[in-house]
Amino acid sequence: MKKKFYILFILLVFVSGCTTSRMLIKSKIDSNAYSMFGKNPQRDFYVPIKFNDNIKLKWESDTRGGFSNSSVTISDSIVFINDLYGRVYAFNFFNGKKYGEIKNKGAVYTTPVVSGLWVVFVVSMEQENMSKFVMYDYTSAKPFREVDVEGRVQTEILKLSDGFVIITLDGKVIKYDKYGIFLWETNTNVKSRTNPSFYNNKIILGNDNGEIIALNYNDGKILYREKIGGKFWSGSTISDGKIFIGNTNGKLYKLDINSGKIIWEFNTRTKILMTPVLDASNIYIGNLAGTLYSIDKNSGQKKWELKTDGLFNITPLVTKNILIVPDFDKKILFVDKEKGVIQKTLKLDGRAKLSPVIYKNTLFIGYERGKLEAYEIDN
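Under our numbering, the first residue of the sequence shown carries the number 1, and numbering increases by one thereafter.
Treat the hints with care, as some may be off.
Derived SDA-like pairs (lysine to any residue); straight-line CA-CA distance at most 25 Å [stated by the list, open to error]:
#1 K331 with Q301
#2 K98 with Q127
#3 K103 with G151
#4 K58 with K320
#5 K339 with W264
#6 K271 with R351
#7 K132 with K97
#8 K142 with D170
#9 K105 with I49
#10 K231 with E150
#11 K97 with T362
#12 K297 with F334
#13 K227 with T188
#14 K231 with R145
#15 K172 with L273
#16 K227 with I181
#17 K371 with T345
#18 K331 with E376
#19 K307 with N258
#20 K331 with K103
#21 K303 with P48
#22 K132 with N218
#23 K330 with K297
#24 K347 with K297
#25 K307 with E376
#26 K28 with K97
#27 K191 with N258
#28 K159 with W264
#29 K191 with T362
Pairwise CB distance ranges (calculated) [as the list claims (entries may be wrong)]:
#30 N95 with Y224: 24 to 34 Å
#31 K103 with R369: 11 to 21 Å
#32 N52 with S31: 26 to 36 Å
Note that these hints are calculated values from the structure, not bench results.
Since we're looking at a predicted model, the values are computed, not measured.
All C-beta atoms in this analysis are idealised placements derived from N, C-alpha and C, irrespective of residue type, glycine included.
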């Protein structure tokens, strides 16, 4: 197919006196964009490459606000990232130069989602129990759609083939079509702090009552709500029709997606906040005690355990040979995933904040005070 190139005019207005900044970007629609947190609705953090940890800093840049535990998204030459001061930024993929920013009143907790030539995000409003669902058209430099949402949104947007799903902190699940038109809302009536996932027409989320809930994505009907235990503050990931999720009691669960019933559980003994990550055979999970585990995906049996002096609350990345693990203790760990030993440590000037992303042989990481770094990978 012949590639179509577009000249993208990004007119970004931010508060700095009356300054207006205009950016001209030559870009193309990227059918292989890294468009959401976890790459796809199942939340897949596996990259099928053999990772060489002899990485080289390509560029570094920064935002003017701190990061949430989100990630970058990337489309062609544009790297998008949010901050907690209500901004969504666009950086040049190749050199890190800032194209511009969208300033909002509130905080953006969620990873910006790329949908065609729109960037989609949710702003939690300042001092109000309200949010705003925004679809920003960066070819015309203005919002395509803005929708008021009752409740604060602090979990990741779920991008589906026909639209978007968001979840408010107080447990309302809302679906919009691909143009931002409201389709349905279901109130689960319990606080939810988990990043939702999706598979086989089911939207999956956990809540503060220790329940796993499945909703029909066509109409929002609750298919089941299964009481498991603890509180679910970890995101869920789905593989081979099974749900993997951790809770605040430190337990990792494998659940049947059709019923929510427990297949097996593994006790790490300390609170889990990170989303589990998987490859073909194993699942990897860390906890707030700084212990990292490799668990057999089928049996639930421990393969290895790595104790560190850090803290794991951010979702790592899995390659063919290495786990790339953000450590809150100001470092990134490169762990041999077969042996469970640290192969290399990348020290940071602040606490790790972003889930790592690899795109076109470039590794993106982020840490506190809005620092964003891109590393060239030598494969």
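How the hints compare with the structure:
1. K331 with Q301: Violated, at roughly 28 Å.
2. K98 with Q127: violated (29 Å)
3. K103 with G151: Measuring from Cα to Cα gives roughly 20 Å; hence the hint holds.
4. K58 with K320: Holds. K58 to K320 sits at ~23 Å (cutoff 25 Å).
5. K339 with W264: Holds: K339 and W264 sit about 23 Å apart, inside 25 Å.
6. K271 with R351: Given pair K271, R351 holds - Cα atoms ~19 Å apart, limit 25 Å.
7. K132 with K97: violated (28 Å)
8. K142 with D170: Violated, at about 30 Å.
9. K105 with I49: violated (40 Å)
10. K231 with E150: The hint holds at about 23 Å.
11. K97 with T362: holds (16 Å)
12. K297 with F334: holds (21 Å)
13. K227 with T188: holds (13 Å)
14. K231 with R145: violated (34 Å)
15. K172 with L273: holds (21 Å)
16. K227 with I181: violated (33 Å)
17. K371 with T345: With Cα atoms ~18 Å apart, K371 and T345 stay inside 25 Å; holds.
18. K331 with E376: Since the Cα atoms of K331 and E376 sit roughly 18 Å apart, the hinted pair holds (cutoff 25 Å).
19. K307 with N258: violated (35 Å)
20. K331 with K103: Violated, because 30 Å separates the two Cα atoms, which is more than 25 Å.
21. K303 with P48: holds (21 Å)
22. K132 with N218: Since the Cα atoms of K132 and N218 sit roughly 23 Å apart, the hinted pair holds (cutoff 25 Å).
23. K330 with K297: Violated, at roughly 30 Å.
24. K347 with K297: violated (31 Å)
25. K307 with E376: violated (29 Å)
26. K28 with K97: holds (18 Å)
27. K191 with N258: holds (23 Å)
28. K159 with W264: Violated, at about 29 Å.
29. K191 with T362: violated (37 Å)
30. N95 with Y224: 24 to 34 Å: Violated: the Cβ-Cβ distance is about 49 Å, outside 24 to 34 Å.
31. K103 with R369: 11 to 21 Å: holds (18 Å)
32. N52 with S31: 26 to 36 Å: holds (27 Å)
Hints 1, 2, 7, 8, 9, 14, 16, 19, 20, 23, 24, 25, 28, 29 and 30, counting from the list given before, are not met by this structure.
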